[in-house]
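Residue numbers (my numbering), protein chains in the order written: chain L, 1 to 178; chain U, 1 to 150.
None of these hints come from the bench; they were simulated from the model. A virtual CB, placed ideally from N, CA and C, is assigned to each residue, including glycine. A portion of the hints provided could be inaccurate.
[To be verified] Computed footprint of chain U on chain L; a stretch qualifies when at least three of its residues, placed anywhere within it, have a C-beta under 8 Å from a C-beta of chain U:
#1 7–20
#2 74–80
[What the hints assert, rightly or not] Just some of the chain L residues that point at chain U, by a computed CB distance under 7 Å:
#3 VAL30
#4 LEU59
#5 HIS88
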Amino acid sequence: MSGLLLRTACLLVAGAAAGAAFNAVRPAGVGVSGFVAASTCGAEPTADGRVVLPPREALTLCGDPGVLVADVRSAARFAEGHVANAIHLPCRASGDALGGAMSRLSGKHTVIVYGDSTVEARPVAESLAQRLGTDDGALVAAPRIVVLDGGFGAWDQAGLACSSGPCPECQRHLGSEP
Amino acid sequence: MTVRAGRLASLLLRLAMGGLLLYAGIAKLRDPAGFAQEIANYQLMPGLAPYLAVTLPAIELLVGGALLFSPWRWRQAGALGAALLLGVFLVAAGSAVARGLDISCGCFGTGTEPVSVLTVVRNLGLVLAAVLLLRLDKPRAAPPRVRDPE
Chain L
1 MSGLLLRTAC LLVAGAAAGA AFNAVRPAGV GVSGFVAAST CGAEPTADGR
51 VVLPPREALT LCGDPGVLVA DVRSAARFAE GHVANAIHLP CRASGDALGG
101 AMSRLSGKHT VIVYGDSTVE ARPVAESLAQ RLGTDDGALV AAPRIVVLDG
151 GFGAWDQAGL ACSSGPCPEC QRHLGSEP
Chain U
1 MTVRAGRLAS LLLRLAMGGL LLYAGIAKLR DPAGFAQEIA NYQLMPGLAP
51 YLAVTLPAIE LLVGGALLFS PWRWRQAGAL GAALLLGVFL VAAGSAVARG
101 LDISCGCFGT GTEPVSVLTV VRNLGLVLAA VLLLRLDKPR AAPPRVRDPE
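Given only the sequences and the hints, what does the whole structure look like? Please build it.
In structure tokens form, the structure reads like this:
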């Protein structure tokens with residue numbers, strides 16, 4: 001019995017060590033030390049105009065490694081379809097959800113936030129912006145937070161990449177870059 | 001259950017569970033940052049999210065590989081490891097459902113189905129399957145000794 005427990009512990013520890021080593025050498029690894037404690041989505045939207053990007057304009061940023069797209073809708077809506085390569089940021093469901101997103105902001109210059117509508121995404125955008133503004137030292141350079149005009153519906157209607165699969169529009173965009 | 005039926009059931013369980021863990025591990029490795037986000041959404045220990053996102057996929061791969069490709073002693077360790085791992089997932093999913101969280105499961109990487117009672121039932125079934133595998137998987141019987149005629 002003790003042999004079994006020892007071998008099981010070996011498996012788990014070896015797996016954890018291998019995962020940590022692999023993450024350290026891969027370019028797309030998670031920055032574990034840069035993880036920021038969780039925040040809330042409850043910030044009130046400010047009156048000043050947050051930048052709102054129409055879908056076609058947002059598409060020009062698609063594929064840029066410095067851009068992060070965040071979906072604030074419910075998990076069910078996200079699973080039905082979302083902007084390709086978007087992360088799920090469920091504001092209403094999770095008060096701590098921003099914490100995970102914050103860890104992804106390292107090296108990003110722009111975060112595009114969207115919901116089912118522009119109004120739905122605004123509080124999350126404001127909350128993100130406020131957190132980035134108050135957490136001195138958490139990030140080297142705070143990214144620009146913008147809202148997708150019209151939300152996912154507008155993106156979908158524009159015929160842009162909106163499934164969980166690969167993003168052909170992004171690939172074309174990348175391919176056309178010099 | 002006859003010995004033959006037990007061996008067959010054990011083999012099928014090993015293949016299914018090992019394959020599932022390998023698939024889940026590979027799916028999670030594709031987008032570790034997204035997986036960290038999914039873990040943070042559970043609101044259990046958000047500070048641990050990036051560490052879990054880094055280590056869990058590799059543990060799943062190793063445990064799955066042990067179930068599929070290793071000798072009996074390490075297969076047993078793989079079965080126990082799978083039961084522990086899936087037990088943690090079961091507690092996390094059950095907790096999310098109990099608190100009414102509307103979040104993605106993250107079971108097979110980012111963008112997978114929402115956590116629901118079905119997720120909890122599935123995880124419970126997997127934990128039971130891992131425990132069953134631990135009991136059913138027996139070492140190969142040693143070949144009978146041939147007595148020296150002299």
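Tested hints:
1. 7–20: holds (count 11)
2. 74–80: Check passed, 5 qualifying residues.
3. VAL30: Status holds, d = 5 Å.
4. LEU59: violated (20 Å)
5. HIS88: holds (5 Å)
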